[in-house]
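Novice: Each chain, letter by letter, is given below.
2 protein chains.
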Amino acid sequence: MSYRKFHLSISVHFILISHALAQSVIQIFPRKTNIAIGSKTRVDNELYCDSWRFSVETNDAGFWEYIPPRCTKFVESYMTGDHYLSDSEVVSSYSLDFAKTVNVSGDGKDAWVFDIDETLLSNLPYYEAHGFGSQFNEEAFDEWVDLAEAPALPASLTLYKELKQLGFKIFLLTGRSEFQRNATDKNLLFVGYSDWEKLILRGASDQGKLATVYKSEKRLELVKEGYRIHGSSGDQWSDLLGFARAERSFKLPNPMYYIA
Amino acid sequence: MSYRKFHLSISVHFILISHALAQSVIQIFPRKTNIAIGSKTRVDNELYCDSWRFSVETNDAGFWEYIPPRCTKFVESYMTGDHYLSDSEVVSSYSLDFAKTVNVSGDGKDAWVFDIDETLLSNLPYYEAHGFGSQFNEEAFDEWVDLAEAPALPASLTLYKELKQLGFKIFLLTGRSEFQRNATDKNLLFVGYSDWEKLILRGASDQGKLATVYKSEKRLELVKEGYRIHGSSGDQWSDLLGFARAERSFKLPNPMYYIA
Numbered sequence: 005m006s007y008r009k010f011h012l013s014i015s016v017h018f019i020l021i022s023h024a025l026a027q028s029v030i031q032i033f034p035r036k037t038n039i040a041i042g043s044k045t046r047v048d049n050e051l052y053c054d055s056w057r058f059s060v061e062t063n064d065a066g067f068w069e070y071i072p073p074r075c076t077k078f079v080e081s082y083m084t085g086d087h088y089l090s091d092s093e094v095v096s097s098y099s100l101d102f103a104k105t106v107n108v109s110g111d112g113k114d115a116w117v118f119d120i121d122e123t124l125l126s127n128l129p130y131y132e133a134h135g136f137g138s139q140f141n142e143e144a145f146d147e148w149v150d151l152a153e154a155p156a157l158p159a160s161l162t163l164y165k166e167l168k169q170l171g172f173k174i175f176l177l178t179g180r181s182e183f184q185r186n187a188t189d190k191n192l193l194f195v196g197y198s199d200w201e202k203l204i205l206r207g208a209s210d211q212g213k214l215a216t217v218y219k220s221e222k223r224l225e226l227v228k229e230g231y232r233i234h235g236s237s238g239d240q241w242s243d244l245l246g247f248a249r250a251e252r253s254f255k256l257p258n259p260m261y262y263i264a
Numbered sequence: 005m006s007y008r009k010f011h012l013s014i015s016v017h018f019i020l021i022s023h024a025l026a027q028s029v030i031q032i033f034p035r036k037t038n039i040a041i042g043s044k045t046r047v048d049n050e051l052y053c054d055s056w057r058f059s060v061e062t063n064d065a066g067f068w069e070y071i072p073p074r075c076t077k078f079v080e081s082y083m084t085g086d087h088y089l090s091d092s093e094v095v096s097s098y099s100l101d102f103a104k105t106v107n108v109s110g111d112g113k114d115a116w117v118f119d120i121d122e123t124l125l126s127n128l129p130y131y132e133a134h135g136f137g138s139q140f141n142e143e144a145f146d147e148w149v150d151l152a153e154a155p156a157l158p159a160s161l162t163l164y165k166e167l168k169q170l171g172f173k174i175f176l177l178t179g180r181s182e183f184q185r186n187a188t189d190k191n192l193l194f195v196g197y198s199d200w201e202k203l204i205l206r207g208a209s210d211q212g213k214l215a216t217v218y219k220s221e222k223r224l225e226l227v228k229e230g231y232r233i234h235g236s237s238g239d240q241w242s243d244l245l246g247f248a249r250a251e252r253s254f255k256l257p258n259p260m261y262y263i264a
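Sequence lines, in order, name chains A and B. Start counting the first sequence at 5; every next residue gets the next number (our numbering). Start counting the second sequence at 5; every next residue gets the next number (our numbering).
Worth flagging that the hints you see were computed from the coordinates, not collected in a lab. Possibly wrong hints are sitting among the right ones.
Stated by the list, open to error - Sample of chain B residues lacking proximity to chain A, with all beta carbon distances greater than 10 Å (derived): (1) Y52; (2) V95; (3) D146; (4) L224; (5) E225; (6) E229.
To be verified - Partial pick of chain A residues on the chain B-facing surface, computed with a CB cut under 10 Å: (7) D54; (8) N63; (9) G66.
Glycine is no exception: its CB is placed at the ideal position from the N, C-alpha and C atoms.
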């Protein structure tokens with residue numbers, strides 16, 4: 005082998021390997037690399053941020069106010085790449101597996117509760133525009149809600165349709181307020197959700213309550229009306245914990261914010 | 005630039021990049037690649053398996069009997085590399101953050117409950133020897149327990165010592181049986197744990213109970229004795245759910261097995 009050919013073969017070899025590795029890194033941790041950060045630091049950072057995500061998603065972290073600054077790029081990459089979609093798909097598929105084991109009776113009382121933001125609808129376009137990890141701006145977010153342009157989270161739309169097919173009554177229980185009812189209705193219908201039993205928003209008397217309390221109270225009302233809440237899907241632990249809980253709860257991913 | 009020099013520079017370029025990427029892949033998903041599997045399939049597999057891990061760790065998956073065969077290599081890499089250690093470290097650090105907010109009174113009734121296997125002690129050497137995803141062999145596992153050679157999970161040992169410093173009374177609540185008391189005592193002391201308040205193992209009347217029930221009953225006994233269970237650390241949801249729950253629960257990683 006000539007010297008030139010030897011180097012040519014090394015080049016091709018490493019182009020192939022680095023392409024394969026780059027693919028796995030990009031697909032699993034799609035990220036915008038920061039030239040100023042050395043590769044060792046970047047690796048340590050990714051490892052830390054992925055472990056932070058573990059603690060956040062299992063609720064080990066408890067209440068947290070903002071994404072650790074060193075992890076904002078990591079969260080952006082997670083949310084905008086395949087990882088977030090894949091995580092939600094697997095959650096949906098476990099939800100459906102469970103739903104299929106439920107003996108749905110003919111009395112119309114078999115219920116499933118869905119949260120809306122980051123569950124049925126994705127506000128990713130809003131967070132992409134306003135920056136991951138930037139302070140929450142209620143006014144700007146309300147304007148975004150008014151646009152009624154949030155896309156569906158694909159995995160949830162599929163699950164929603166399957167649950168309807170199976171005969172579940174679907175309740176939408178959101179932290180959004182009554183004044184956002186029209187925009188919410190419009191947005192949900194526009195992206196393909198339909199025929200829910202009831203859309204429950206925060207009324208005047210619900211303002212200022214912790215989400216866990218507000219959502220538990222509303223679930224309790226459903227239970228008192230005779231509904232059997234088999235499943236509950238939400239991206240926040242406050243969608244799932246508290247009282248009058250569903251038989252099975254399904255935590256969707258959300259490393260962007262925490263609602264108590 | 006001559007042709008030769010051009011290729012030489014490409015070679016060096018890709019050696020550097022591929023080394024950096026290889027490092028991140030190895031550190032975040034340390035894995036043994038299977039030559040027979042194409043890189044696209046491997047990437048899809050890693051993405052799926054990491055999403056499976058999300059569903060398992062959040063308890064979305066509910067009961068599962070075995071690691072999906074396509075994910076056994078993924079789990080092995082996760083467990084034997086930095087990822088598992090990093091995840092447990094961050095959980096421990098959140099546990100300690102919370103513990104520091106507790107007003108430990110002088111009455112000796114402020115308690116913390118630890119599970120043992122995959123919480124204080126790691127059975128990784130056992131699973132490495134017997135294969136990840138192989139069927140659980142109770143006899144072989146009991147022999148391993150008898151050896152009393154399980155290493156400490158480093159993050160838990162640090163937390164344990166800090167909690168003692170803070171004045172917590174420490175209870176060890178394990179699914180192991182009374183006949184394993186001596187080996188368990190010996191193993192714990194050997195790797196650096198000491199001065200626990202009580203080691204609670206399954207007695208004759210606890211055999212056959214679901215772990216969630218057995219552990220809840222034992223916690224309830226502590227509560228009835230006047231203990232305030234502030235924190236609870238365990239790798240299984242059955243360590244943390246049920247009744248007489250701790251004020252805060254800390255789920256440690258374990259994608260190897262599920263105990264109901």
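Novice: I'd like to know which numbered hints this structure contradicts. Please list them from smallest to largest.
Specialist: Of the numbered hints, 1 and 2 do not hold.
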